[in-house]
Structures are given as structure tokens and as C-alpha cells.
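Novice: Spelled out from the first residue to the last, the chains are:
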Amino acid sequence: MESQLVSISSTLLYAAFIIYLVALLPLAASIKSKSNKPGRVSIVMIVAAFIMQLGYFILRWIAQGHAPVSNMYEFITMFAIMLIAGFLITYHYFKTQVFGLFAIPVSLLLVAYGSMFSREVEPLIPALQSNWLAIHVITVTLAYGILSMSAVAGLIYLLKAIPATEKSWRARFLEAIMAGIVIVITFIAATVLMESIIGYQDDFMYTDKQGQTQVAEYHLPSLVNFEGAVPVENVGENNYEEADHFHSGINLPPLIDSQKLNTVLWSVFTGLIVYGIIRLIIRKRLSALIKPITDRADLNLMDEIGYRSVIIGFPIFALGGIFFAAIWAQIAWSRFWGWDPKETWAFITFMFYTIFLHLRLNRGYEGEKSAWLAVIGFLLILFNLIAINLLVAGLHSYA
Amino acid sequence: MMELKEIKCESCGHVNQPGTQLCQSCGKMINSDYDRKKIKDLMRYDGSAVRSKVRSKSIFDKIWIFFTSIKIGVMIILAIAVAAAIGTIFPQEYFIPLGVDPADYYQENYGTLGYLYYSLGFHNLYSSWWFVLLNGMLALSIIAASIDRGVPLFKSLKNQRAKKHESFYRRQRLFMHEKDNGNADEVISQLKDKRYKARRDGDNYLLEKGKLSRWGPYINHTGLIILLIGSMLRFFPGMYVDEIVYLNEGETKDLPTTDGQYYVKNDGFILDTHGESSGEVFEESLNQGNNIVSNFQTDISVYENESSDVVGAEPELTKIDDYSIRVNHPYRFGSYELYQSSYDDSQMKAMTFSLEDADGNTVGENFTVNLDDPDQSYQIDENTEIKMRAYAPDFQEIDDNGTLVSETPVPRNPAFVFEVNAGGDSELSLLQIMNSTDITQNNDYSIRFVEAEQHTASVLTLKKDHTIPLVAGGFVIFLAGVFIGSYINHRRIWISLEDGFTLAGHTNKNYFGMKKELDTILEANSFSPVSERQEIEDKAKDKES
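For the record, the sequence lines run as chains A and B.
Per this note's numbering, the first sequence starts with residue 3, numbered consecutively.
Per this note's numbering, the second sequence starts with residue 97, numbered consecutively.
No wet-lab data here; the hints were simulated from the structure.
Just to be clear, a hint being listed does not mean it is correct.
[Claimed, not checked] Computed beta-carbon distance windows for the label pairs:
1) B:PRO333 / A:PRO255: 44 to 52 angstroms
2) B:VAL506 / A:PRO255: 31 to 39 angstroms
3) A:ILE20 / B:MET335: 56 to 64 angstroms
For clarity, every value in this text was computed on a predicted model and none was experimentally measured.
The C-beta atom is built at its ideal place from N, Cα and C for all residues, glycine as well.
Let the hints inform the model, and build the full structure from the sequences given.
Specialist: Here you go:
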């Protein structure tokens with residue numbers, strides 16, 4: 003019974019993914035079209051897909067008996083859903099379809115990325131067995147979804163305001179963001195392809211910092227590896243035999259997580275190659291290619307939305323990300339604040355948006371400067387959401 | 097900087113504080129000598145005199161200007177954020193294993209950079225004097241800036257007049273003028289329906305709502321100050337207790353810092369893992385062989401010591417409560433809380449041995465040595481006695497006298513010297529984990545290790561934190577202020593019917609929403625919509641001129 007609910011719930015999420023993908027077409031058409039028909043079609047599709055995602059959320063909750071926000075897969079998916087919620091809220095007030103062209107692809111990338119983690123329903127460890135899990139994570143992701151809209155507004159502002167052929171730092175930074183997006187897409191595409199579709203796997207046995215023997219599963223050919231790594235093959239259970247795998251021969255001390263570095267290197271290399279090929283084909287900056295989408299955007303309105311998203315999102319973040327978090331930390335870990343890396347980066351995000359709000363009081367921080375800050379804010383959110391859990395060991399490492 | 101004398105408004109005759117920019121009565125610009133480049137919106141403090149912008153002579157003025165500056169405030173916040181980020185590069189000292197030398201730990205695990213990190217004191221960054229100092233400066237900045245702007249703003253918004261100078265109308269971002277009065281009364285009445293409070297002065301109207309929004313920043317700043325004071329109180333004695341209570345199963349201990357008033361007994365520690373009872377839905381993930389813990393629990397009995405106030409008296413324990421402490425379910429009593437923190441099953445409780453003779457036959461019964469309080473002799477059958485001649489719970493070495501030296505009193509690596517008396521010569525042998533050595537020559541008997549029993553100790557955290565009411569209260573006030581400031585808009589509409597229909601609108605944010613609200617009403621009464629002066633275009637114009 004419950005297992006069926008889980009599979010229905012996963013199917014809903016998958017179907018929603020496809021619908022968003024298809025909805026991008028009428029949405030893109032609506033940007034240029036004089037008729038408002040394609041825009042309306044796309045919004046109907048997006049709302050339908052959003053409801054299906056809520057269905058995923060509710061069914062999975064019922065099936066596993068706790069809110070589906072307890073591991074990386076569920077958490078990233080939640081954030082992706084909240085991005086759409088943020089878009090729909092913004093659309094409700096400002097009728098900005100162009101936001102969808104940015105928010106939806108980012109949301110889809112997140113769903114794809116999240117699905118690379120274990121998707122199984124898992125029972126909760128004692129620390130997570132609390133109603134605060136649902137309350138804390140749902141408010142935080144809602145705040146992230148709304149705050150992200152300020153970054154979307156900022157990006158649209160920058161694309162429109164900065165001449166694409168300009169030889170300036172701001173134009174180069176904007177193009178660097180575009181290249182960064184290409185790298186992220188390439189990374190997700192490459193890992194999904196190699197790990198899930200081709201099933202590429204090279205095992206290496208090495209000795210970690212603590213002097214324990216570990217096996218690293220490389221899903222991308224090894225460019226860098228651990229000091230003293232030996233290519234091995236699993237021959238059932240926990241037994242390994244020496245094998246012959248591709249390896250560049252570069253080994254790094256155990257201080258560095260070579261496996262993650264290997265993924266980063268592949269992503270950057272292939273991402274830059276893909277970016278280079280795109281540049282060769284289109285013969286102009288990527289920002290110049292996307293710029294026309296923002297032709298009809300109103301700079302003042304983008305600035306207003308960017309600012310208002312922060313005004314609306316910031317209190318919710320303070321409530322969910324700091325206050326609820328502190329209450330739960332007191333109950334579960336006996337201290338409301340302990341400078342755990344995730345807590346610290348929530349604090350940094352909080353301080354960052356505080357800076358954003360205070361700078362707006364000064365003349366000259368509206369418009370472009372705010373837009374840059376909003377984009378940086380989104381990078382901070384992504385960093386805290388994903389990187390901290392993976393890079394730094396702490397109380398929040400679920401994956 | 098401006099001259100320090102009162103300014104009399106040419107238009108209405110109102111006498112204004114030195115440094116006032118817009119006449120506090122009629123709103124006419126009476127002092128154009130303000131810093132156009134820095135002040136985005138003269139209306140933010142309603143054109144009133146802000147101390148830090150007026151006085152700059154004395155040292156106090158200069159300090160005041162420093163701490164009231166938004167730029168300085170932002171720099172302090174940025175410095176705190178950057179410092180906080182640095183603190184996450186490597187783990188803080190409280191995250192590294194207990195008992196290791198931090199200098200070695202950072203060097204070994206993170207190389208030269210790690211050693212540098214340690215040398216700079218970044219391993220204890222959040223309690224370093226400079227991090228605390230930065231927070232103190234932030235508190236000063238918050239207090240100064242709030243008083244500097246809040247007081248004049250409060251005065252200004254309290255004494256508003258409905259009648260405003262014509263130039264005040266044109267200064268507002270939302271403005272419209274028509275020659276014909278038309279349905280002006282209808283507009284005003286419909287605005288009142290939108291919860292605007294109206295004030296009238298002849299043919300001049302002031303319609304206002306959501307003024308509370310303007311106090312939001314001052315409320316949230318007050319909350320932050322309370323929070324910062326609360327977090328400093330932790331350093332005062334008696335405010336904060338954070339102790340580890342290490343309880344073996346069955347053990348009763350007095351709780352530290354309660355002066356022997358409270359005792360807690362560990363009635364049993366339970367560690368459960370998820371299994372079939374957790375639900376068939378988890379079958380797949382549980383079948384992969386990973387054990388997922390479902391519960392850490394310590395059943396406790398709580399006792400109060402009736403004679404705790406009598407010095408030197410034997411404790412008289414009265415049981416006052418039973419509780420099962422689990423993660424997320426601490427036990428609360430008085431101002432204390434007991435939390436399930438971890439458990440320890442690394443310590444040995446007892447070891448069981450058997451005696452074999454030269455032919456390998458077991459002699460008598462097995463005997464068990466209680467490692468915490470060992471017996472001195474064990475009679476394993478009628479003729480055979482085993483005496484314990486020496487014991488080291490945590491064996492380090494045999495010293496020159498031949499006695500066993502223990503590194504710690506904790507039974508981690510026990511070693512024994514046993515003497516076997518079976519009628520003949522007594523035989524001595526040294527037993528350690530995985531090793532036994534004959535001390536006397538040509539021993540007939542040998543002692544064999546059979547099994548060991550582990551203690552399961554529960555590690556509880558005892559907490560008392562009197563700062564929580566202040567810290568939490570401060571943060572609740574902060575949140576209330578942030579929500580008030582963010583979710584309520586202070587909207588004011590001035591309407592004059594003296595020369596046709598003139599309307600101006602001001603809001604502290606969301607002009608988009610206010611324009612929509614105004615235009616709906618205006619157009620319903622056949623007025624033209626308001627025109628909006630755009631801030632960003634405006635800035636460009638400012639640069640040109």
C-alpha cells in the first residue's frame with residue numbers, strides 16, 4: 003500500500019518534470035508574442051505541474067510517515083518546488099512570464115541534480131524524529147524560493163541593462179555567470195549519463211586520513227586520485243581484486259578529497275569545452291544570445307521585484323532558518339546555537355541579506371548594484387544548500 | 097555641514113530644529129543644503145533633522161557620526177559575516193576529538209595551512225576577543241543609528257499637519273493634479289474604506305495607514321540589542337551550566353552544580369534500530385544491510401536528597417520522578433534539562449576466566465572479575481583458590497618493584513597478576529588482553545580468558561541556561577519588528593482642494609501596489625491616474641545636472 007504511494011508520488015514528480023519542460027515552449031513564445039494566449043497556456047501547465055509536485059510531496063509524506071525533507075534528494079526537490087512557488091507568487095502580483103524562463107530551468111536542474119542522490123524512502127534517525135523537521139525545512143525552503151526570485155529579477159536586470167558587447171568587467175562577470183551555468187548543466191548531464199545511463203564505475207582502494215582503508219567509486223575516469231590508490235574490482239560482498247582501470251597517475255595526499263576534485267575537474271573541463279563550442283557556433287557572448295528574452299522587461303519593475311522579494315523572503319528566512327532552527331537545536335542538541343558549519347552559513351546568508359537591505363537605504367544601490375547583490379545571494383543559498391552538506395562534515399550532513 | 101540655528105519657514109512661519117530639510121509643518125524645502133548624493137529619499141525621515149547629519153564639532157559628535165553611519169554598520173556586518181565564514185574552513189576546536197593536542201591535530205590533518213589556522217586562533221574563532229568585539233561594535237552601531245534617526249522620525253510623524261506646501265506635493269513620487277475638483281469627496285470616502293485614516297485641515301486632507309510599519313526597524317533593533325545582552329550574560333556565574341553526566345547502567349550519581357540536591361540513576365540504556373516494525377515501506381532501504389538507529393534512550397530515576405543542606409550528612413534519597421530520556425525529548429526539572437547526548441560501550445565491566453591444568457582440562461568453575469571493584473580471591477573448587485596479587489585497570493607497564501602501573505583508573509586495558517593455589521606450589525602469572533605470561537617457572541596451570549562483559553554507559557548533558565528568555569525574547573521582538581517593517585506599508589496620501597484637485601502619495605515601500613490602489617479609485621471617479629516619478633531615471637537625471 004505505502005510502497006504504491008511512493009511509486010505514484012515519484013511518477014507525479016517525473017510527470018511534472020516533463021510538463022515543465024514542455025511548458026517552456028509556450029512560455030518562450032509568450033515573450034515575443036503579441037497575443038497573451040501562449041503565456042496563459044504555459045501558466046496553466048506550470049500550475050498543473052506544480053499541483054502534481056505538491057501531490058508528490060503529500061503522497062510521499064503519507065507513505066513514509068514523515069515530511070519528505072529528510073535527505074539530500076528530498077531536500078533539493080523541496081527547494082526546486084519552492085522555486086516554482088516563488089515564481090507563481092511573483093507572477094500573481096506582477097504578471098512576469100519572463101521570470102519563468104529562468105526559474106523553471108533552474109528548478110529542473112535542481113530536480114535532476116537531487117535525483118542523483120538516493121531516492122529511497124528511509125526511516126528517520128533519532129535526531130530528525132521531530133515535528134520541527136517539517137516546520138523548519140518547509141519555512142526555510144519557502145524563504146529560499148522567494149529570495150531566489152530576487153536573483154532572477156537581478157539576472158534579468160543585468161542582462162537587459164548591460165550591453166552584451168561591452169568591454170567591461172560587469173559584462174565579463176555576467177558572461178562568467180553564463181559560463182558557470184553551462185558548467186553546472188554539463189556537470190549534471192555528464193554525471194547522469196555516466197552514472198545512471200552508462201553505469202561507468204571504477205573502484206579504487208586507498209587509505210584515508212584516519213588510516214582506514216576505503217574504496218572510492220569513480221563514475222568518471224580518474225584524472226586525479228588518492229595517494230597510494232590501487233585500482234580494484236568488487237568480486238562480491240566486501241571482497242576486492244586488483245584490476246586495471248584508466249588512471250592519469252596523478253595522486254594527491256589524503257587531505258584533499260580527490261574523488262570530488264575529479265568530478266569538479268571533469269565538470270569544469272567539459273563545461274568549458276561545451277561553452278567554447280556554443281561560443282563558436284553563435285559567434286557572440288552567451289549573454290547576447292539570451293538578452294532578447296529580457297527585451298520587454300521593465301528595469302524599474304525588475305528592481306522593485308528584486309527588492310520586494312528580499313523584503314518578503316528575509317523575515318521568513320529569519321523565522322525558519324534561524325528561529326525555528328534554534329528552537330529545534332535546543333531540543334535535539336541541547337544548545338540553540340553551536341556554530342555548526344550549516345548554522346554558520348545560515349547566519350552568513352542572514353547577514354548578507356541584512357547588508358542588502360541596509361545598502362538600499364543609501365543612494366545609488368538601487369538597480370544594478372542591487373541586482374548583483376541578489377545574484378550573489380542566490381549563490382550563497384546554493385552554497386549553503388548543497389556544498390556545505392557535501393564538503394564539510396557537520397551535524398547537517400545527510401548525504 | 098549646516099549652521100546650527102533654528103530655521104523659520106518662509107511659507108508657514110513654523111520654527112524648525114537646526115538641520116531640518118523639509119518644514120515639519122507644511123513640508124516646504126527650507127534647507128537645500130543636504131547631501132544629495134548620499135540621501136536617496138528625503139522622505140525617509142520625513143525631512144527632519146538627524147543629529148549625525150547636523151553636528152560634527154566635538155569628539156562625541158565624531159564618534160556618533162561613525163557609529164550612526166549606515167556604511168560603517170554595513171562594514172561591521174560584513175566583517176562579522178566574513179569572520180564567520182573563515183571559522184568554517186577547518187573544524188573549530190570543539191569539533192575535533194577530545195583529548196588530542198590541537199596544535200598537532202591541525203598540523204597533521206590540514207598541513208601548514210591548518211597549523212597557520214591554529215596559530216591565528218581561528219580554531220576558537222567565535223569566542224575570540226575580536227569576534228566578540230565586532231559584535232559589541234555592531235550593538236553600538238545599532239543603538240546609535242536607531243536613536244539618531246528614530247527620535248526625529250517619531251517626532252515628525254507624530255505632529256503631522258494635513259496642510260502641505262505646493263512644492264511638497266510635487267516632491268512626492270506619486271503625484272497628480274487636475275483643475276476640476278470632480279468627485280473628490282467620493283475619492284476620499286473610498287480611500288477611507290481602504291482603511292486610510294483621514295485628517296482634515298480646511299480643504300486639505302491627510303489620509304494615512306500602516307504607520308506602524310515605520311517603527312519596524314526600531315522594534316527589530318531593540319530586539320537585537322536584547323538578544324546581544326542576553327548572549328553576553330552567559331559569562332556571568334550561575335547563568336549557564338553545561339555538564340556531561342556519565343552514567344553506567346545501574347549507577348546513581350549526584351548531578352553536578354546542584355549541590356548534591358539531585359541524584360539520577362541510570363535504569364537502563366536502550367539502543368533500537370529500525371526494522372520491520374518501522375513499516376514495510378522502508379524494507380528496501382533497510383535490506384541493504386545498513387542499520388539505521390531508531391532510538392537512543394536512557395530510563396532514569398530522579399532522586400532528591402533530603403539532607404543536601406546538612407553539611408557532611410549521608411544522602412537521604414527520595415525518588416521524585418521516572419523518565420525516559422530520548423533524543424528530542426529531554427527531561428526537564430526545575431531550571432535544568434537533561435539530554436540524551438551519546439553512549440559509551442567501550443569500557444569493560446567484567447572479565448571471565450577459566451583455569452586449565454597441564455593436560456588442558458578445565459579445573460573447577462569459571463571465575464568472573466568485576467573490573468570496577470575486583471575481589472581479592474576466587475575459590476573455583478574445593479582445593480583450588482586463585483588470588484589476585486595485582487591489578488591495573490588501564491595497564492601501562494611493570495615498574496621496577498614489579499607492581500603494575502595503570503595509566504588511568506578506567507578499565508580499558510586491564511592486566512592482572514594471578515596466583516593459583518592448588519595444594520602444591522603457588523604459581524604466578526601475568527594476564528593481559530591477548531597475552532599471558534608465566535611469572536613463576538614451569539607452571540602447571542594456565543589461566544584462560546573466556547569472555548568479557550561491557551558496560552553500557554549513557555552520556556547525558558545537563559543544561560541550565562538562564563539566558564534563553566532574553567535571547568529568545570529578543571529574537572521574537574526582532575522577528576516582530578522585521579515582519580511589521582516588511583509586511584506593513586506606511587502609505588500617506590495628501591489631497592488639496594484649494595486649487596483644483598491635487599494629490600500626492602508617499603509610501604515607505606511598494607509604490608507599485610500603492611499606485612495600483614490609488615489608480616483604481618481615481619479612475620473609478622473619472623480622474624486621471626497618478627504619474628510616477630521613477631527613481632532610477634531620476635538618478636540618471638541627477639548625474640546629468
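Novice: So which of those numbered hints doesn't the model satisfy?
Specialist: Those not satisfied: there are none.
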